[in-house]
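Q: So the chains spell out like this:
Protein chains: 4
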Amino acid sequence: MAEEDVHTIRGFTKDRAEALTDGIFATVMTILILSLVVPVITSGNVDQMLSADLISLVPNVVTYVMSFLVLGTIWIGHNNIFRYLERAESKVQWINMAFLLGVGFIPFTTALLGRYPFDHIASLIYGINLLGVAIVYNFFFGYALMEKLLHREVQVKFFKTALKRSSVGILVYLIGIIFSFVNPEISLGLYIIMPIYYMALGTISGKEAIH
Amino acid sequence: MAEEDVHTIRGFTKDRAEALTDGIFATVMTILILSLVVPVITSGNVDQMLSADLISLVPNVVTYVMSFLVLGTIWIGHNNIFRYLERAESKVQWINMAFLLGVGFIPFTTALLGRYPFDHIASLIYGINLLGVAIVYNFFFGYALMEKLLHREVQVKFFKTALKRSSVGILVYLIGIIFSFVNPEISLGLYIIMPIYYMALGTISGKEAIH
Amino acid sequence: MAEEDVHTIRGFTKDRAEALTDGIFATVMTILILSLVVPVITSGNVDQMLSADLISLVPNVVTYVMSFLVLGTIWIGHNNIFRYLERAESKVQWINMAFLLGVGFIPFTTALLGRYPFDHIASLIYGINLLGVAIVYNFFFGYALMEKLLHREVQVKFFKTALKRSSVGILVYLIGIIFSFVNPEISLGLYIIMPIYYMALGTISGKEAIH
Amino acid sequence: MAEEDVHTIRGFTKDRAEALTDGIFATVMTILILSLVVPVITSGNVDQMLSADLISLVPNVVTYVMSFLVLGTIWIGHNNIFRYLERAESKVQWINMAFLLGVGFIPFTTALLGRYPFDHIASLIYGINLLGVAIVYNFFFGYALMEKLLHREVQVKFFKTALKRSSVGILVYLIGIIFSFVNPEISLGLYIIMPIYYMALGTISGKEAIH
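Chains as they are written, first to last, in this note's numbering: chain X, 1 to 211; chain U, 1 to 211; chain V, 1 to 211; chain B, 1 to 211.
There's no promise every hint is true.
Put simply, identical chains are the same to the list, so a pair is met inside one copy or across any two.
Said to hold, decoys possible - In the SDA-like style, the derived pairs of lysine to any residue whose C-alpha atoms are separated by at most 25 Å in a straight line are:
hint : residue 1 : residue 2
1    : 14        : 61
2    : 160       : 147
3    : 14        : 186
4    : 91        : 199
5    : 160       : 55
6    : 157       : 49
7    : 148       : 200
8    : 91        : 201
9    : 148       : 185
10   : 14        : 196
11   : 14        : 82
12   : 160       : 196
13   : 91        : 44
14   : 160       : 197
Simulated from the structure, these hints should not be mistaken for lab results.
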């Protein structure tokens, strides 16, 4: 068996790691909606009571949209990392698992923040969750650069720009966590701005895949 | 690095966007059924009480089937758009995200309409959800045409027909929304007719992929 | 544009229909487990009460395993149909949708039967659900044969055997439905036997892919 | 039809079995989080009560992380088996189904252990679930070796090492089950150590794909 064959056989293929990641993102993004529960009205003016109950769900709608778009952003980012990966060894698989573990918490922390949008604890926990995901994500980027796992033709410069951009996420979630102690309303505002910022970057510089 | 390579490396591949979309559709179509809750009967004639409770679930069954088929219709449509896409740049990814965000609301609005099938508010919200999805879907079609993102050999005429057909959806959901204010029963009827109409189009003109 | 190109462009690719189907089966098979709810014990001897509560969940475990294996069986069958399909036109897509719609009901009817395993209504509804799925499945097989959608090298004889075998399902679920009116225990027994029968066929004649 | 063609047509392709497996793992890993329920606080000091309620969820967080990483470990292992499979006949499909059936129980047994982390019954059931999955997994490995279903170039030695390593799982879960009768705290400790052990193996010997 030639050296090359050994590599092919022992090295991980990316396909299934991508399939698992896409499946987890798809399920996470879908079950976010389970935080919106249909109100049960058994007596009185159904239409009037339903309106009132649905209005109380507005914060849940806001956090649903917010987390959906954040997940969309980091999924597009993950997409980029994986496309340029030349090898996906065991360590890469485990960094990806840690990343997905953090992503898996998002339906819970989103539902928590949706129920208590201006509460310190809820705001703190959401911030910690997203900060954790952002850190692992950036670690992944950095690790791939350091270990030279990427396609030769991808310019390091290109990747460094992306790294810088995604570091903004770490900074903003860190500030959000700090504000949760004094003013959770500002934290919520920062959490809402994040996906809008990335979306704007992604759609304005339309031809650029990495952002 | 040649100009072409840059394009290949920077341009998005469609595969993973399709995988995420299929995953979200699959999960959404499956969790629709969670609006059907098994009745809990603790005393009395189980068989008789179960019958009564299950009969009260009939509207939920109707809205489940209706939304499942609507999702089937728009999934087939999405299939068509993506098959002909030559490039899937960042903007396309974000239009797709907005589309999936709307799709993600359907389990909630379906459960709401299933519980209150003849209520104004429930009917209005379901209509707005589906109208939103239809608008983003048509915008996607139009954007792809305008930006010439499609495979050269796909006739514009072909696509325009599809665009016209899917515009019917926008019109019908708009009418459904209006009727929700005066006669939610008519809205429900319109919502039920929609997937049947598209299914008929799709199965009668069996050889035509786009509809 | 050559005639062949038109066909390629207009004809459906099977890939995404398979992806959607796999996604729906995966989600359905997973959310089956949601019918098993962790008991809440707030006072008394936790260990003793937990045992009692878990024993009452045994019928749910049985119906979970039963439906999981039935879904496994029909997924393997679907696998076979699609592998031999040469074209997947619009009509095929819609037959597949009807099939998936029936599959989507299984988590509900399974949870219902798990809660009321010996009840007439629960037994009847489970039987109707599975009968419906079996009928659409066989219709799919028959349609593919009739319309000559299959790979030339697949012998008709081969397919007819498979068709005969899967017709057993229709017969057994029909008998199960009839027995639900007089003796739901026998229905349950028949429902349990079905996946075991197919599993035995599949593992005994190990080299034969279709069963 | 040549002998070879028969083989190709009758033999299973691996692609869809991998797709179903990835879909089930993705959904199972995601719905694990549903055992974390957002506390409902209607009166009193929200912040204080929320802290108390969230602290009571810590065992659920621990079991969530533990099961997520166990699932990650066995998914990577499954990945390895399937990559080297040359044929995936009907028997292989059914062994895979049995494997997935066991995996499908994990959200329930994890939620049970999360609620009653130091209880004998909960600890016993979790242990039995994971032991079952480990046994089927090893049986799969052994079966593939015995029936020579693997790619010629994969050294038997290589596989035997992997087999030995995964046997550690069987042993540890067996010990965990025994301890659940006398000291469930030790069982929990063992259950927590398992994924950490495999993760360490996977990341220390970073270039080795099988572990």
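Q: Indicate, hint by hint, whether the structure satisfies it.
A: These are the hints, each one checked on the structure:
no. : hint       : result
1   : 14 to 61   : neither (35 Å within a copy, 29 Å between copies)
2   : 160 to 147 : within (14 Å within a copy, 30 Å between copies)
3   : 14 to 186  : neither (40 Å within a copy, 37 Å between copies)
4   : 91 to 199  : between (30 Å within a copy, 9 Å between copies)
5   : 160 to 55  : neither (44 Å within a copy, 40 Å between copies)
6   : 157 to 49  : neither (57 Å within a copy, 49 Å between copies)
7   : 148 to 200 : between (30 Å within a copy, 22 Å between copies)
8   : 91 to 201  : between (31 Å within a copy, 10 Å between copies)
9   : 148 to 185 : neither (42 Å within a copy, 44 Å between copies)
10  : 14 to 196  : between (30 Å within a copy, 23 Å between copies)
11  : 14 to 82   : both (8 Å within a copy, 14 Å between copies)
12  : 160 to 196 : within (22 Å within a copy, 32 Å between copies)
13  : 91 to 44   : neither (59 Å within a copy, 47 Å between copies)
14  : 160 to 197 : within (19 Å within a copy, 34 Å between copies)
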